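Top line first, the protein sequences correspond to chains G and A.
Reading the first sequence from the start, the letters are residues 1 to 309 in our numbering.
Reading the second sequence from the start, the letters are residues 310 to 577 in our numbering.
What the hints contain is simulated information worked out from the structure, not anything from laboratory work.
Each statement offered as a hint is correct.
Stretch-level coverage of chain G by chain A, calculated; a stretch enters the list once three of its residues show a Cβ under 8 angstroms from a Cβ in chain A:
1) 37-43
2) 46-54
3) 83-93
Covered, in the sense of this in silico footprint (three residues per stretch, anywhere, with C-beta under 8 angstroms from a C-beta of chain G), are these stretches of chain A:
4) 499-509
5) 525-538
6) 549-561
For lysine-lysine, the following BS3-like pairs were computed, each having C-alpha atoms within a straight-line distance of at most 30 angstroms:
7) K511/A <-> K55/G
8) K232/G <-> K200/G
9) K123/G <-> K511/A
10) K504/A <-> K232/G
11) K55/G <-> K504/A
12) K123/G <-> K516/A
13) K504/A <-> K123/G
14) K384/A <-> K26/G
15) K26/G <-> K389/A
16) K232/G <-> K511/A
17) K574/A <-> K26/G
18) K456/A <-> K55/G
19) K55/G <-> K516/A
It should be emphasised that the depicted structure is a prediction, and the values quoted were computed from it without experimental measurement.
Heads up, the beta-carbon is just placed ideally off N, CA and C, and yes, glycines get one too.
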Amino acid sequence: MKGRNPRLKTQDSRLKTQDSRFSLRKPSVLCLVSCVLCLVIIGVAFMQGQLDRIKPSRERLEEKLIYIPTGRFLRTAALGFDAVLADLLWTRAVVYFGGHFLTDRDYRWLYSLLDATTTLDPKNILAYRFGGSLLALEENDVEKSIAILKKGIRNNPDEDWRLYFLLGFNYFYFLEDYAEAAEYLEKASRMPDHPKYLPKLAAKMYAKAEKIDTAIEFLEEMYQQHDDQNVKAAIAERITILVAKKQTRSLEHAAEKYKETYGKYPSDLKLLTRAGLIKELPVYPGGQYVIDPDTGRVDWVSESSPQWP
Amino acid sequence: MVIRTIAINAFKEAIRDKILYNLLIFTLIVIAASVLLGRLTIGQDQRVIKDVGLAAMSLFGVLIATFVGTSLVHKEIGKKTIYTIISKPIHRYEFILGKYCGLLLTIFVNLVIMTVVLLLVLMLHSLLFSHQLVSGPEPIGYVSLLKAIALIFLELMLITSVAILFSTISSGSSSLSVFFTLAVYVIGHLTVDLKELGAASKSSLIKGLSSFCYYILPNLDNFNIRAEMVRDLSVSGRFISYAIVYGMLYMAAVLLISILSMERKEFA
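Extracted from the complex, chain A is given alone in its bound form (with noise of 0.2 angstroms):
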């Protein structure tokens, strides 16, 4: 219950930070692709709307999740309107999980309109532009978009949970938490690369640690099935499956550690 009251707050906090205007850069990056771009690639028109909606979803994602990631805790501890909620029978662990349900339930809501964006422009795409192709109008492939959304918003709920956990550590300052949690995204993105350095390298300790480092960093390419999807390719079902566990597990462990390190804070 307390939870709930708590990320509804968080929820509503976002919307009146004008969190929701990143809409309208989106709609007008992907109108721009299916005009410009798409006419510029010979009847790949609708995959390249699809890729550049896709990751300008993840990407405007991605920066929702870290600046209003961060400042959800800094904001209470600046203002000092966290006094006034722990002096309340709240635990800790509620708070942190109200904050993080209300910054998922805003990024969900972002990633719905966007969805209902880029899918609204697709069709109106191929409805006015198809009879252009020798073709006939490519498919839309509602599955498989709704797949890789699906594993978008997986991923920017790991980027999220990881926000929080930075922004419960650094009290100090909210520039540096949102330094760390872009280098964890960005880490999280080459530590397929860390791991091939590792097999590369003769050394047995630089091995040792790089694999190390591959198994507990975030390895934020399970989640990247854009191009596939995009492509119609399959991805097996258990690749996704396996994927959604790793993620829902990763954030389990990331909410652990954020609940334990805001549990040892003084507030003074």
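For reference, chain G alone in the conformation it holds in the complex (with noise of 0.2 angstroms):
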């Protein structure tokens, strides 16, 4: 080595130096750098989350942009995968609707999703249910509720009695049209699985008997038939509201009898009982009746209202 070029020798230190100065095959030095990029990692998903916390008032604008293609162009778009897009889109339809039961119950968009949904994928009988159900009953939309029903039975006639029974309670209940509703009754019952009480319930709507007993009967069979929580809250809030009218119409009828005894309407429900008129007070869930004494007129009123004596 002794009559080596003096140029390499240089260069050979300056590679010497410049590796023992930073390196990271060196434990120490790659021990540093995980450390780093642990804390970057975690840097990472504490951005998302603050991301996510000013994200809300973003979010509410993507959907007022919100544009759902027509189901026909996407299952040309989807190149195949039109199943896999179909499931997608049923999340997100779930998921819309539970957010904005929650919140602020507008449903704008519900039926465009449902809609593409089921041109995706035609046999999501669920679907058809799940809007048929909340079109009607949330987004007061019978139309839509209507439209996807009869989507559903054209796409699956021999499917599910479920389709012909929402129908039936869209044409009974909203659109009072007693005998479509009867007819469409009993072709659900002509399905196989049917529950047994549904022949009854056509046979009712031909009498065209008292509307709000039989809408409870309707709605407390829908109940049964979702598992959803938020959709089962949803059916379970229109019965108290039924139950309610109901049993404000029976002390309003008995308010009436205690004016042709005493010449006025009392002033106060409890007096109805103690007058032997009714047994007892009914309960309304999370608040009470209230009944106003000039004109007989009994309301409900919740603990939140202002009205709340």
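The two chains are supplied separately, each in an independent frame; assemble them into the complex guided by the hints.
As structure tokens, then:
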């Protein structure tokens, strides 16, 4: 090595110093870099959390802009992945409903989501049932509810009696078209696995029986049909309202009788029990019934309402 | 210094590979959108041109980042030029960072030219067709447009780092790295669904797993403010700055892993 070129020597030493200064192969450096990496990854997760916190305002924006192409277009665009896309949209619809049910109850995109879902996957019976129940009960859009149910029946005429059942309910409760309702209920009762009382319900339709009682029966059946807790809660709320309506009617009826005897409406509903006109005061969940002593009108107020006594 | 030299070399290499030809296609798409689509949508011509232009920018950028990013390291190994580089007093992290910066420069130049083309088409369109509108010409909204493009660049920076990572991990085949990078891009736009899916599940295991994946996988939706910007809706400055910090941190993590992986590689 004695006669070695001095230039090579300096290059050699430069290499050495560079290596000794910083080398990722050194355990200490490697350890340090790994620690930094861990910190950075934690930082990433933290930032995502921060972004999510300020996101709500953004999500609302997105929903305003949301544009769901028609199912037919999506089917072409899905390039054979129709089923996966349908599943994705279906999940979105369920989450969309759940999110809005717990907040603002604005479901303006539910129909588009379900329509696209069922065009991509016409056999998704649950999606028709979901839309059939909720579009009418929650979104108050009977037309769209009927449209999605009829689409379901068109695509699956012999699959599920519940589609006919829900259609019957819409005609009976919202459109008050008893003949049409009876026809659909009859069709439902000719399908396999239908519940035993269905023919009876159809007969009630023909007889134009008391609307509230029948509606409660319908809704109780609907309640049994769903597994989703949010859907169940929405239907249960509807049942509570109908039961309350029914009870206000019978209370008003008793108040009329009270007036016939005492010449005026009772100032308090408790007077009706004391007069022996009703056995006991019905309970309204989370509130109570009150009477207007001037008009005899009975109403229900919840605890959160300003009219709560 | 070394990083700069490698970066400039990588940039020149990309240009020599005729990467900028994509600009031609981009220009054609934007002009076609302005002439054809714009006419079909009454009064929303500018919006359509912006939508199509920004989408094309993002798409071409992702394709360049993926294909060039994965080939930059592979090529050196394939052509055996990597030996002449690593035998020099160059650290491997310098090599990786140099390649990364070179590719970013390519993408940046590409985006700048695309932006100029888009703005030119918008201005020309508004000059030629605005007299047909009752409401007069729509304002172009330069600031919003630039904000959206800046976040597109950030997204591309992230995808580029992912491409480099996969090219250092899978030294065998470049197509595998392309596949992985594109997969990360797709997953990056689906992480929100992943989280929602987990939230809807009753099993706490799935819930935990999905939220873990949500925080670890890149969420590319953070960089997508195109729809809001085109429609002149406000996105808070805080959101944009958080998204920038998020992108930078994510990029740093991916590059660190790439460097570690490169460092462990044996070139024999």
